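Asker: The primary structure of each chain is shown beneath.
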Amino acid sequence: MTGPSRREFLLDAGGALAAISLFPDLSGASPLAGADPIEVGVIGIGRQGRAILTELQKFDAAKVSALCDVDPSRLESGARRASGVEGFADHRAMLEKAKGLKAVFVATPTHLHRAIVEDSLAAGRAVYCEAPIASTLEDARAIAKGARGSKSIFQAGLQARSNPIYRLAWSFFRSAAGRDLASMRGHHHRKTTWRVTASEPAREAALNWRLDPEVSLGLEGEQGTQQFDVFHWFTGRYPVSVRGAGAVRLHNDGRKVPDTVLLDLAFPEGARLSYEASLANSFEGTHEVFHGSQATIKLAWTAGWMFKEADSPTQGWEVYANRQRFGNEEGITLIADATKLAAQGKLQEGVGLPQPPLYYAIESFLKSLAQGEAVVCGAEEGYRATAVGILAHRAVATGETVEIPESVLKVD
Amino acid sequence: MIALAARPAMGTRFEAVLAGEEEGRLRAAGEEALETIEEEDLRWSLFRRGSLLTLINARAGDVSVRLDEEAFDLLETCRAIHRDSEGAFDPTVAPLMRSLGFHPGPPPPMAPVGMDAVDLDAGSRTVRFLRRGIALDLGAIGKGHALDLAAARLREAGIRCALLHGGTSSAVAIGAPPGREGWRIGIRGEEGAEPRLFVELRDRALSVSAPHGRTLLRDGERLGHVLDPRSRRPEVRARAAAAVSPSARLADGWSTALLVLGERPPRTPDDLTSAILDEAGTWRVEGPDRRIFEAR
Chain W
0 MTGPSRREFL LDAGGALAAI SLFPDLSGAS PLAGADPIEV GVIGIGRQGR AILTELQKFD
60 AAKVSALCDV DPSRLESGAR RASGVEGFAD HRAMLEKAKG LKAVFVATPT HLHRAIVEDS
120 LAAGRAVYCE APIASTLEDA RAIAKGARGS KSIFQAGLQA RSNPIYRLAW SFFRSAAGRD
180 LASMRGHHHR KTTWRVTASE PAREAALNWR LDPEVSLGLE GEQGTQQFDV FHWFTGRYPV
240 SVRGAGAVRL HNDGRKVPDT VLLDLAFPEG ARLSYEASLA NSFEGTHEVF HGSQATIKLA
300 WTAGWMFKEA DSPTQGWEVY ANRQRFGNEE GITLIADATK LAAQGKLQEG VGLPQPPLYY
360 AIESFLKSLA QGEAVVCGAE EGYRATAVGI LAHRAVATGE TVEIPESVLK VD
Chain A
0 MIALAARPAM GTRFEAVLAG EEEGRLRAAG EEALETIEEE DLRWSLFRRG SLLTLINARA
60 GDVSVRLDEE AFDLLETCRA IHRDSEGAFD PTVAPLMRSL GFHPGPPPPM APVGMDAVDL
120 DAGSRTVRFL RRGIALDLGA IGKGHALDLA AARLREAGIR CALLHGGTSS AVAIGAPPGR
180 EGWRIGIRGE EGAEPRLFVE LRDRALSVSA PHGRTLLRDG ERLGHVLDPR SRRPEVRARA
240 AAAVSPSARL ADGWSTALLV LGERPPRTPD DLTSAILDEA GTWRVEGPDR RIFEAR
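From first to last, the protein sequence lines are chains W and A. So that you can map any letter, position 336 of the first sequence is 335 in numbering that gives the first Met the number 0, and since no number is skipped, the others follow by simple counting. So that you can map any letter, position 268 of the second sequence is 267 in numbering that gives the first Met the number 0, and since no number is skipped, the others follow by simple counting.
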């Protein structure tokens, strides 16, 4: 990624705290135009699989030629979202029969990833694997080792690493704003049951794997892994221990998997990450916050802001400022490539991430396939984030502090 | 047991009311139905830069855009309603709406309207615009389309009694509440007025259109948001129109067409029941399900 030039950042020089939105460069909107279509398959046509199909439709460089799901109803629903695809109930049959397939997207329940990823890599297919990449350390390690030993491309679906706003914020964080990091906070609130319905009870039980304590990593693993990785990536550090607690606060339907969790992750040199996730409340959605001595950065997946401390150095590029109010604070909207957009009279159009974060994750995967670009998030990063998610889940399940030794974070 | 679920989507509020035995399961089914609506909003929003509709509008003037089965079916339905309503329903009004100020943004240099300039190729399942400046706006059918898919999701989950609505102007009913013939819905013909027409909806969809929903003051004249695509002006020949159909998307598209026309055209679908409020303030109900309407 090309780092933002200093004049692309607009900082508030005034007193109090200033909020600054971080927005991506919109100039590169062409989705891999000119590339030959790559045949891809999607395995697992639940909510995430359908979202992948929706985004894939935007790329001329990819053509979905095969879908796979054990559930006929979901397979049928996926086929309506793609054109001229072949459906399979078994991924091995798909890998065997769909000869033109170059890559697969693995969006099955987490605990089923391993066999699918291993078979796909063995069949010479590139793999995009949703994160967490597995529900046990053993499976996650096997996937990472398999990917490392394969000539095929493997991308873990940790979406922040390809999100233009996060990439922009990352470069800024690493250059200045993250100096003297005081603390970090992760937040995921969405009022939802996490349940899936089906007309047949047996089918319903299988579809509700996230509520099955035998295989589910809970909110802290299934959702937290994505967000923990933001902190790993920005700080270049991994936590050394985690403790947590969870409870069913709203959905008293007999479930054992908590609908609300709180965690405390200790990072090296004293920094701590507090993480809160709930299915009982939607307030403030999903975001990550870094509190530094110079500024606070808040990232919310489709937007990002920086709140400068009053005593942090004034920069010279406030001229392009687009001001916003946040409660009592007046902030400045920061738009990457602001100079160019302003010249085109399109500054306002630069506000907000134009595509869902998943789009950019898929785009980077296709760029690796079609243009040989470096993978934005490989198996090792996928493994480490997954390992933290698994151990966070262990902490919530046991109520004990779980140590995270360096050895656990190594694939070998 | 009754469960409620609601989500904002398509610039309004969608709500699901479900009846059954287990509240948690009902709530989950309602959420899934509303998530389906959110997915359709992401696909068909005219105002989201990442939507499929934005992609179609940006590219179909230059190249044939490949569509999935659902998307192609929706555009074919639009073409059929356009044809059968003699052009009173036309999803290519987007540039004209912008030109008149109903949509945000500067007026386009030209505002062509014409479904005849939208080429749908069933063989390759592609869409291509044959004239410069053409753009689609599915605002008159999108809610119904989303409700159809959401209702299908509920039925697949085994739900036998539910009502889904979007912004109270489009609704779909599954079964009927216990002890009732259907879900009783009052239809308001004038803004702020008490409903004088009621419908008992069961396994049917209802859509209501009226010019007063959204208006714009222009040169001292208050303009309603429903355009007659043929005259290119915000003018309609009824005070309100309602359509009942097994399909929510048909009900949605046809309620707009009937509002513009003020009467049922000869090619109105046989299974569509209409209620049109004329200028004299009388509801005229026609079609196979007349008996489910009650005027007061």
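For the record, the hints were derived by calculation from the structure and aren't laboratory data. Any given hint might turn out to be false.
To be clear about the criterion: a stretch of chain A counts as covered by chain W if any three or more of its residues have a C-beta under 8 Å from a C-beta of chain W, and this derived list gives those stretches [said to hold, decoys possible]: (1) 47-54; (2) 57-68; (3) 233-245.
Simulated DEER-style distance windows between Cβ atoms [as the list claims (entries may be wrong)]: (4) A:G157 / W:T135: 25 to 35 Å; (5) A:A5 / W:R236: 33 to 43 Å; (6) A:A151 / W:E405: 29 to 39 Å; (7) W:D411 / A:E75: 30 to 40 Å; (8) W:A205 / A:A151: 16 to 26 Å; (9) W:E405 / A:E75: 37 to 47 Å; (10) W:K144 / A:L54: 21 to 31 Å; (11) W:K144 / A:R48: 39 to 49 Å; (12) A:M0 / W:R189: 33 to 43 Å; (13) A:S63 / W:T135: 39 to 49 Å; (14) W:G99 / A:R82: 58 to 68 Å.
None of the values given here were measured: they were computed from a predicted structure. Yeah, the Cβ is synthetic: ideal placement off N, Cα and C, and Gly gets one too.
Asker: Give me the numbers of the hints this structure contradicts, sorted from smallest to largest.
Answerer: 3, 6, 7, 9, 10, 12 and 14
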